[in-house]
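Order-wise, the sequence lines are chains C and P.
According to my numbering, the residues represented by the first sequence are 1 to 276, in order.
According to my numbering, the residues represented by the second sequence are 277 to 603, in order.
The set of hints was computed from the structure by calculation and includes no laboratory data.
Keep in mind it's a predicted model, so treat the numbers as computed, not measured.
Just so it is clear, CB atoms sit at the ideal spot from N, CA and C, and this is done for glycine as well.
Do not take every clue at face value.
Which bits of chain C does chain P cover? Going by a derived footprint, with three or more residues having C-beta under 8 Å, they are [unchecked claim]:
hint : stretch
1    : 113 to 127
2    : 225 to 237
Computed spacing ranges between beta-carbons, pair by pair [stated by the list, open to error]:
hint : chain 1 : residue 1 : chain 2 : residue 2 : range
3    : C       : LEU97     : P       : ALA284    : 27 to 37 Å
4    : P       : PRO405    : C       : ILE94     : 38 to 48 Å
5    : C       : GLY96     : P       : GLU412    : 12 to 22 Å
6    : P       : ARG312    : C       : VAL26     : 33 to 43 Å
7    : P       : GLY532    : C       : GLY63     : 46 to 56 Å
8    : C       : GLY131    : P       : ARG312    : 35 to 45 Å
9    : C       : VAL24     : P       : GLY418    : 50 to 60 Å
10   : P       : GLY532    : C       : PRO105    : 30 to 40 Å
11   : P       : ARG554    : C       : GLY96     : 15 to 25 Å
In silico SDA-like links for lysine to any residue, alpha-carbon gap of 20 Å or less [stated by the list, open to error]:
hint : chain 1 : residue 1 : chain 2 : residue 2
12   : C       : LYS223    : P       : GLU596
13   : P       : LYS542    : P       : ILE566
14   : C       : LYS223    : P       : SER420
15   : P       : LYS542    : P       : GLN338
Read off the chains here:
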Amino acid sequence: MLKQRTPLPGFGLSLGVTVFYLGVMVLLPLSALFAASGALPWDSFVRAVGSPRAVAAFQLTVGTSALAAALNVFFGGLTAWALVRYRFPGKKIIDGLIDLPFALPTAVAGITLTELYAPTGWLGRPLAALGLPAAFSRVGIVIALVFIGLPFAVRTLQPVLEDMDRDMEEAASTLGAGRWQIFRRVVFPPLVPALLTGFALTLARGIGEYGSVIFIAGNMPLKTEIVPLLIMTRLEQYDTGGAAALATVLLLVSFVLLFSINALQAWTRRRQGASA
Amino acid sequence: MARRARAALALAALAFPAGAATPSREILNASYDATRAFYQEYNRWFEAHWREKTGETVVVRQSHGGSGKQARAVIDGLEADVVTLALAGDIDAIAERSGHIAPNWRERLPSGGVSYYSTIVFLTRRGNPKNIRDWEDLARPGVSVITPNPKTSGGARWNFLAAWAHGLDLTKTEAGAREFVTRLYRNVPVLDSGARGAAMTFGRRRLGDALIAWESEALLLQRDFPEEGWELVRPSISVRAEPCAAWVDDVVVRRGTRDVAEAYLKGLHAPAAADLARRHFFRVGEDKTINGTRLVSIDAWGGWRAAQRTHFSEGGTFDEIFDPGRR
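So here's chain P without its partners, still in its complex pose:
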């Protein structure tokens, strides 16, 4: 009997390993897929910086996943002290749906909580055999394009908006923009649920003539797979894809980490962090164009809330693309 009880205890111990004792304060940063490497380095910098400033040792832990998934986890009670997500809309969602974050979060940090940004570019096969130069080429018949599902991927929402911006710029009408994105998405053979999945589809499975991706991800892919000879193509118009940061009020109050969380996020605007961000292929600054690409900001849509409602909510423009009545 005693042996069996011990065996049961051992099983239970396997299932629930005891948490290591935490003598120092720690904060958790809930971020999205594409920032893992950047935050690993930034966390080390911040821990050293904080020790130097206050003498206290803090530990920064990080959690990564799809931006929307992370937001939902925080809404459902994930004890993240800070969130650094792919788009402001996801932080708005936390603020609106759970109240864990104060509604005025954008006003609490420099530049509305945006410390680095990126833009949307294309990656094509070696030598660009389909001669893809700009958005219009992606919608040509016979061209196959890889981009994830904007409904499940925050990053892909930027892709969609960039395509929309081109359609709008070209035709100056909503109907024209709609017609363009419809043509574009009909060239998409696989709708992956996240940006990393789409990169796999393009890279490993060799599907598609072009991948629509964040510039930072495209440069990473080029660096990691130099033998593939993928070419980076910058469209004439694109979006300013701005990941956002905020501290989670409910959590920092409960855990007494408000000072660390705030310093952590303000530190993202320090020159050292900007250098780190650049090294991880993000951009820092206020450029209106990058290498000839005109950048449209989310303000052109009247903010994320409006963009979300028009394009990605149930029955929005993205759903209309796949509406059987319109095919």
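The following block holds chain C by itself, in its conformation from the complex:
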């Protein structure tokens, strides 16, 4: 398996640089955030994050992000599959398009999506005629989160699919397995860790997203108000402590979610390792 000694020199130096870099770029701002919310007396902290409005916002943010992540893992998985397994005209272009949501300023994405899905927009008008809500509802939030999260799902699955050995599928086929059986028992299991990573990344991206969502959400308290907006609202009122408290809790929620997904991933990998 892995070599005990790495052939690369300078382990101590690179570790030192890594620790310093992470410390300055990640840990320092995070500790400043914790310090700012820590300066808040406990009861104001609880009031800031426990009000019905904040609780509704947390539920909304996590719920819509999870739904968007699930949709992205499914459709992003299909996209990755099509891109890796099939050859078709325009494949390179589609492959390039996937990354666009990364590059587009999120505000532009939000405004464009709102334009499309508003009751006067190309897609919003027929949807409104059918009585389906799009922009300015929770559906709008999910649409925006799906848009910005798609590359995360596709790009985590693509390399795994590319590396996948087709011999196993062929072997399964010669042994008489049906197509569904092959998919379920041969193709799918090794993909699970990547699917989970894709889900986790998309979820985390969605929980922190502000720019694209505020345009399409409607921003009504208790209904379509996401936590990042609530944080901005607190800052706008010069309530830095309250904003930091909300941010801290949001960060903890993300951390717990990411940590559990990572644990789940490690567990599936171990189980597969044992069964293989």
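Could you slot chain P onto chain C? The hints should help.
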């Protein structure tokens, strides 16, 4: 190696373009969204005026954003020599929270730093199909109203206070005013974070039967979209929405621009500036009524500090509208 180093340098140069050399003094005016066009013209006037008076060439730069956001940027250290914001409360916030502005800023300029003002009006669809004439019509069931979130938009705080003024005038009680704004805000389908966003929602997305807006913004919208046929409706009672100006003491001392900053803000009270303000649909003067609209000033609330505490702080009257316990 040398090539790579050069490439890295080129990247760094892209990321941090060198500032142009500044031979002349310059000042930065941190203002809010709705004044961009006005200050572009005023800055040109002032630069010429200053050159004529002193022979010195100064450059005025401007920065625009939500009023509260700009205030926070100055608190956090944005090097603005002067601030011209949507409400006195935002300048008070800078003075109180950072000390960058002296607490007596209102006494240093004519009229407390107010050189132009506006009022709150409604914009309705062509032909005013819902027959919206006054505040009460906005709270009717079945009418949809667009106004931004007063928590994130300084302009929208004036909208809220104008609605409150009507409720208070009608019922003469706080409870009545509260009941009225609650009914009104339940007719709001989207709470945009700023006035420009609300105008987009009403204008481009065609949401809402009426937009509550500053008169200056409403007239601009009418001028820019004549094909829409939006109608301007003046309520019987409204507020005197007064944007305020002050120089930022810490910054002008450090940069040695106090004389320019002060002249810049005093110049806003000159007749030429008043003409410019009028051309950009602001109002100048001391009218108590405009075309039949009675104007209430912020003094009716005992100043911005009190209004902020009662209505827009955590748990204030605006929060109560959305309190689930009261729905």
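Return the numbers of the hints above that this structure violates; sort them in rising order.
-> The structure conflicts with hints 5, 11 and 13, although it agrees with all the remaining ones.
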